[in-house]
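2 protein chains.
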Amino acid sequence: MQASPVTQHLGIDVHTHFVPENFPACPHAGAAAVWPSMAPAQQCCHRHVMISGKVYRTVTDQCWSAPRRIEDMAAMRIGRQVLSPMPELLSYWLDAADARVLLRDLNEQLAAVVASAPERFSGLGAVPLQDVDMAVEELHRFAGLGLAGVEIGSNVNGEPIGAPKFDPFFQAAAKLGLAVFVHAVRPSGMERLVGPASLEQALGFPGEVGLAAASVITGNLMARYPALKLAFSHGGGSLALLLPRLEHAWHAFPALHGAVHESPTAQARRLFYDTLVYDAPTLRHLAQVFGTGQLMLGTDYPFAIQENDPIGRLDQAGFDADAARAMLHETAARFIGLA
Amino acid sequence: MQASPVTQHLGIDVHTHFVPENFPACPHAGAAAVWPSMAPAQQCCHRHVMISGKVYRTVTDQCWSAPRRIEDMAAMRIGRQVLSPMPELLSYWLDAADARVLLRDLNEQLAAVVASAPERFSGLGAVPLQDVDMAVEELHRFAGLGLAGVEIGSNVNGEPIGAPKFDPFFQAAAKLGLAVFVHAVRPSGMERLVGPASLEQALGFPGEVGLAAASVITGNLMARYPALKLAFSHGGGSLALLLPRLEHAWHAFPALHGAVHESPTAQARRLFYDTLVYDAPTLRHLAQVFGTGQLMLGTDYPFAIQENDPIGRLDQAGFDADAARAMLHETAARFIGLA
Chain S
0 MQASPVTQHL GIDVHTHFVP ENFPACPHAG AAAVWPSMAP AQQCCHRHVM ISGKVYRTVT
60 DQCWSAPRRI EDMAAMRIGR QVLSPMPELL SYWLDAADAR VLLRDLNEQL AAVVASAPER
120 FSGLGAVPLQ DVDMAVEELH RFAGLGLAGV EIGSNVNGEP IGAPKFDPFF QAAAKLGLAV
180 FVHAVRPSGM ERLVGPASLE QALGFPGEVG LAAASVITGN LMARYPALKL AFSHGGGSLA
240 LLLPRLEHAW HAFPALHGAV HESPTAQARR LFYDTLVYDA PTLRHLAQVF GTGQLMLGTD
300 YPFAIQENDP IGRLDQAGFD ADAARAMLHE TAARFIGLA
Chain X
0 MQASPVTQHL GIDVHTHFVP ENFPACPHAG AAAVWPSMAP AQQCCHRHVM ISGKVYRTVT
60 DQCWSAPRRI EDMAAMRIGR QVLSPMPELL SYWLDAADAR VLLRDLNEQL AAVVASAPER
120 FSGLGAVPLQ DVDMAVEELH RFAGLGLAGV EIGSNVNGEP IGAPKFDPFF QAAAKLGLAV
180 FVHAVRPSGM ERLVGPASLE QALGFPGEVG LAAASVITGN LMARYPALKL AFSHGGGSLA
240 LLLPRLEHAW HAFPALHGAV HESPTAQARR LFYDTLVYDA PTLRHLAQVF GTGQLMLGTD
300 YPFAIQENDP IGRLDQAGFD ADAARAMLHE TAARFIGLA
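From first to last, the protein sequence lines are chains S and X. Take 0 as the starting number for the first sequence in numbering that gives the first Met the number 0 and just add one per residue. Take 0 as the starting number for the second sequence in numbering that gives the first Met the number 0 and just add one per residue.
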């Protein structure tokens, strides 16, 4: 497929994933058990991401190949992809110094793909947030790499991102003008699922993202760092349904009203969300709850669960031209700091 | 307040709670640590529910007094309340035989309130679902007590209600024509909350109920017991936002498609939900997702988080007359088996 029509494609997809073609060597024997590696797969252009001696996921060269991605973008009518690491690579469960080795390499490979076509790609790196001071240090390398921001997990080894201990990280991201994209990882509620492993993604992720966003709200994070650009994947997960109840409880329970300094709904309308909800009525509902100016296209490209026609979904939802333009690219451009 | 206008008030509130005026004596010393008891409170008409030596909740005589409830119903324009136990009394964490002692007493006191004004109250009892066979036995006592159905928790000591082990319970409920009302209890995700204890109710409950409903769907429960009348509290919690993603994943992942025998959305539209979402746009969205014929008024009366004006909320949502009538009383009448 030729790239000729792509200049008409203004869509910015803020939720696409990157896996490096190769992982660096394991730095020492102690980390070997959980260090990721690549193994060849039988199918052409596929590789197995191996973690803990097992195939974690079989991925295609779409994960690391700029030309393959650009070809797919034309078919999806996407002008620009924002690349972020496959969340399992965030490596919060490694020793922080080991994770730094892995993530620096990852960030460099991700940045190289972006640099190969800067008019088509933006990048979000990763930092070892299990050590907040080290994570802040690493953020200072991002400008040099040409990264627009950072992807973080919804929790860090079980601690929700709204916990006060992560303040220095968010303070630094705000100060550096780096976008922060929150992705579900190792979700809570796994013990409540009945069915195959893919339910982790299907059912675990939305609740996990919803609680992460709620933790930011009940933790008053945006009041402390009003300049912070903070986005939540999967349409904010369950947040849109949590919010009216949280708002009601905020009025009903004095202790909650005392702890949360501003209306949860008002706070939620200052956060960003992707449109990855697979359903036009749900998208319309999110636009009503969060505001049309806070939503940005997202697809989960190139994984099995991806939304194949994000712009078709927007069309289906029937937004007016201003709202559609905001979701298509304007809000994303603001989020990632495009001129 | 006189009851004169109440015959015009057709609203059926399916989500109201009951606490007995007194608990039975602890059956043996071994159960004493977690056996609930009542302690006097300073305020008139209040009592402390004591569990594990602490005040679990301070409650008013609205919890057990029929005249007090009828007075409040007039103000809320509710013609009939469906009473179910305060969920912490479900007692899944007690030895089953001990729980049976507590729950039989509770069911009898609840049934007595219903019997005192059967034109104004219906009742949902409780059973020791930590022992499925015993729970089935107990269900057979419900007709004699005049109970319309049973309240169950969203999980039983961590196991989601969609797990196959609960099949004999649902089979019996379906066969006996008993309504089953699923309420959040001891929610997952507690470790993700940042803020005061009331966040358990505000944020923990919706995700918990959503996963419980999803477990019923991915477990194919309704395919096995199509006659079952199964309702979820809090508008189904997060389910309406989980559903489009689950539906998409069901098409995207062969293992999930193989495990779940019918479209998750189609399954969800055979379940019942209360309207307890505190927000007219959310209510409209639920009606679109689940169908207007599956929603029933619910308020959480008489607890602090209650919806004070459920019928006003319906009016605000602007449903047509047929849909409003269904939500106001018709669907609830079908659920609890009123003629």
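If you're looking for bench data, these hints aren't it; they were derived computationally from the structure. Values in this document were obtained by computation on a predicted structure and should not be read as measured data. A hint or two may mislead.
Note: identical chains are not told apart, hence a pair may lie in one copy or across any two.
[Stated by the list, open to error] Mimicking SDA-like on lysine to any residue, the simulated pairs with C-alpha atoms at most 20 Å apart in a straight line are:
| hint | residue 1 | residue 2 |
| --- | --- | --- |
| 1 | Lys164 | Gly194 |
| 2 | Lys53 | Ala95 |
| 3 | Lys53 | Gly290 |
| 4 | Lys164 | Glu190 |
| 5 | Lys164 | Met189 |
| 6 | Lys174 | Ala258 |
| 7 | Lys174 | Met37 |
| 8 | Lys164 | Asp60 |
| 9 | Lys174 | Gly145 |
| 10 | Lys174 | Gly29 |
| 11 | Lys53 | Glu329 |
| 12 | Lys53 | Ala254 |
| 13 | Lys174 | Ile304 |
| 14 | Lys53 | Ala316 |
| 15 | Lys53 | Ala40 |
| 16 | Lys53 | Asn219 |
| 17 | Lys174 | Thr291 |
Hints that the structure is at odds with (numbers, increasing): Violated hints (numbers, rising): 2, 3, 6, 7, 8, 10, 11, 13, 14, 16, 17; every other hint is consistent with the structure.
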